[in-house]
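Given chain A, work out where chain B with the ligands should sit, using these hints.
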Amino acid sequence: MSTTILPEDRPLASHKSTRSRETKRYGFFPGCVAKESCKELFNSTMLLADKLGIELIELTAASCCGASVVNDVNRDVARVLNARTYAQAEALGLDDVITICSTCTGHMRAANKELLESEERMDQANAILGKFGAKYHGEVVVRHLLWMLIDDIGLDNLRSMVVRPLNGLKVAPFYGCHIIRPESVNGWESARNPHSLEDVIEAIGGEAVDYAGKTRCCGFHIQLEKDNVASSMVGQNMRMAKDSGAEAVITPCPLCHLALDGYQQDAAARWGRTDLPTFHLPQLVAFALGVPPEKLGLNKHLIDPRAIMVERELIS
Amino acid sequence: MAQIKLDIFRFDEATDTVPHRDIVEVDIPETTTVLDALEYAKAEVDGSISFRRSCRSAICGSCSMNINGVTGLACKTPCNTVMDDEGVVKVDPMPNFQPMKDMVVHMDPFWDKYARLKPYLQAKDKDSDHATERRVSPEDMKKLVDVANCIMCATCYALCPVVSVDPAFAGPAAIAYAYRFIEDVRDAKRTERIAQISEDYLWLCAHCYACSYCPKHVDPNDRIIDVKRAAINDKVMLDERGPRHALVVAKTIKQTGMLAETEVILGTVGRFNVRGLLKVTPLALRMVARGKLTPVEMAVGGTAPMLGLASMKPIPKVNEVRTIFESLEVPV
Ligand code: SF4
Ligand code: SF4
Ligand code: SF4
Ligand code: SF4
Ligand code: FES
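Residue numbers (this note's numbering), protein chains in the order written: chain A, 1 to 316; chain B, 1 to 332.
The following block holds chain A by itself, in its conformation from the complex:
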C-alpha cells in the first residue's frame, strides 16, 4: 500500500483542519475554464462530490483568481480579487475553498499567503472590500480537490469506494506547475518528487507511469505568445510519457488539459505522434467510483479517451 509522504514542515494553511472538513460542506471555486471550455470537468466534479458524500457549495459570485497574468499588470489586484472571494466564502460560513485547477490553486494560495502574512496588505484589501460592505477575516484555506481527496477522504477509504477499478490502465500523472510550485506557496508535497496523483491512480486500480515530464510545464500560458513553443512543450512531455509506456494521462488542471489534449497533434511534427488521451482528475475518479461514463463528458475531448477504455474493457 502506498501512502503519500508529506513534508513534516508543510505550511499549516495547506492541511489544517477546518470546519468544512467536519461538516463535509466545502466552498467550491471552479474557476473560469471549468465553466467555459472544460465544462466536463465541472460536471464530473459535481458527480464525484455526490459519490464522496460531500457538498461543494459553488461560490457563484466569485471572480477569476487573476490567473498568472494579472500580476503582470498590477501587483495588488489579484490579491484583492481573491480576498473578495474569501470574504464571500466566510459569509457563507465556509472556511475551506476547494479548487479544481492547478493555476487557481497556486495563485489563490499565493494571494492568501500574502494577505495572512502582512497586516498592511490585509488592511489594504479590507479597505477596498469595505467600500461594498465586505471583509475578509483571514480564516480561509484554499486546497485543491486532489489534496482534499487524500487528506479528508483518505486513500484507503477511496480504495474501498471503487466499484470500477481501472484494470491496470497505465496512467501518466501530469501535475502542472502551480499545484506544486513554488513550494513556499503550495508545499503540500514535494514539488520535485510529488506522489499524490500516483497514489490516487493506484487507489482506483490504475498503474502510475513515472516520467520526467510529470512536473514540467505544459506551456499553456504562452500558447498565444508563440504557439509552436507551447505545443513543443506539450510534445516533449507527452513523448516522455509515451516512451515510459503511458496509455493515458491524468491532470488536476484544466489549462494543462486544454494544452495536452489540444496540442499533441500540432507537436507531432517535432516529437512524433503521441495521441495520449487526457483525463481530468475528477473524471477518472468519478468513473472508478461508478458514475456512468456517458455523464463524464468523455466525448468532449479532442483525443477521445474511449478507445483505450474499450480496449482495456473498462467500457463497452
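Do not rely on the hints blindly, as some may be mistaken.
16 angstroms max Cα-Cα, derived EDC-like pairs, lysine to aspartate or glutamate [what the hints assert, rightly or not]:
(1) A:K295 - A:D50
(2) A:K131 - B:E326
(3) B:K235 - B:E199
(4) B:K118 - B:D200
(5) B:K313 - A:E36
(6) B:K251 - B:E329
In short, the hints are calculated from the structure, not lab data.
Relative to chain A, chain B with the ligands alone:
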C-alpha cells in the same frame, strides 16, 4: 563512513561521439557534498573526471550540474539528501547546454544572453567628475540586493522548459539581471533595457516557477513579473502579444469578473490579424466539433468584442470587481 556510488556521465567532445557512464565507488561520510565526492573520486580513482568548481561554498557559480535528475550546485548538495537506497548519486551535465567534457558544458549561449543586456551601470550622470558618490536610498537598494546575489550558475537556465524548446528565449537569469539595472535609480537606459529584453522574449516565460529553485534566492520568476510590470507601466513595446494578452485578460476580468476566453484570444492575437487568427482557428474548430465551445459561443465570442461588447455574462455583483480595479488604478 558510507559507500557512495557515483554514477558519472562521461563524454569528451574531442574524442567521443556518444557518452557512456562510469560507476566510481568512494568511501566517504554520507554528509559529504556531491562536489567533494567528485573531488575525492578525481583525486583517488580517476583523474580524468571533469567538472567545474572553485569556491566550494556556493559563491562562484561554477559547479551546477544535474544530480539524480535535479539540477543544482554540487557544492551545496550533501550526498545523503539525494542518494537512493543503494547509495547511488547520479551526476550529469546541466540540461539545456551542449556537453563539452563530462559535467563541463559550453556556457556560451548563457553568457551571450548576458552580454546582450549590457550588464553594467550606464549612469545618468556619466559626465560627472566622480567627486561625489552616486547615492541610492535604502528603499531603492532593497529592490536590488536579492538579484545582486546572482552567481550566474545557470541552474535556472538549465531548469527552464522554454529554453529547452526555444533557445532564442533570454532565460530566467538574464531577465532577472535586466531587472537589476531596470530598477537601478542611477541607470539611464531603463527604456532601452526594457525594449531589449522584450525583444529577447521576456513575454515567452511560461510562468512555470521551475526557476524558483535558484540556490541564491534570486527568484527570477518573480523578477520576470516585475520587468513585465515595468514594461506595462512605462508603456514600452506594448503592441506585442504578451503585453496585449496580460492587458486583455485584466480587461475582461474587470468587465465580466471572469476570464472570457474568446475575447482573450482575439485581443491577444489581434482581431484584425487574419493570418494569426486562422492559425488559432483550427483548434477552435476542433473544439467546436467536440462540443467544447458551441458554435454560438464562438460566433458570439468572435463578433461581440468586435462590436465592443463584452461577450460573457458578468458574474453577480461585478460592480465590486470594478471597484477593486478602480481603487487600485489598474490601467485597463
Ligand atoms: S486560473 Fe484560470 S481557470 Fe483558474 S480562475 Fe483563473 S483564469 Fe480562471
Ligand atoms: S503546466 Fe502549464 S497550464 Fe498547467 S499549471 Fe503549469 S503553467 Fe499552468
Ligand atoms: S538567478 Fe539564481 S539560479 Fe539563475 S544564475 Fe543566478 S544564481 Fe544561478
Ligand atoms: S518561470 Fe519562466 S523563466 Fe522561469 S523556468 Fe519557467 S518559463 Fe523559464
Ligand atoms: S564550487 Fe562555487 S558554487 Fe559550487
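Each hint, compared with the structure:
Pair hint A:K295 plus A:D50 holds up; C-alpha atoms about 13 angstroms apart against a cutoff of 16 angstroms. Distance restraint check for A:K131 and B:E326: the Cα-Cα separation of roughly 12 angstroms lies within the 16 angstroms cut-off, and the hinted pair is therefore satisfied. Straight-line distance between C-alpha atoms of B:K235 and B:E199 comes to about 14 angstroms, which keeps the hinted pair within the 16 angstroms bound. The straight-line distance between the Cα atoms of B:K118 and B:D200 is roughly 13 angstroms, inside the 16 angstroms bound, and the hint therefore holds.
Distance restraint check for B:K313 and A:E36: the Cα-Cα separation of roughly 12 angstroms lies within the 16 angstroms cut-off, and the hinted pair is therefore satisfied. The straight-line distance between the Cα atoms of B:K251 and B:E329 is roughly 12 angstroms, inside the 16 angstroms bound, and the hint therefore holds.
This entry satisfies every hint, going by the numbered hints stated previously.
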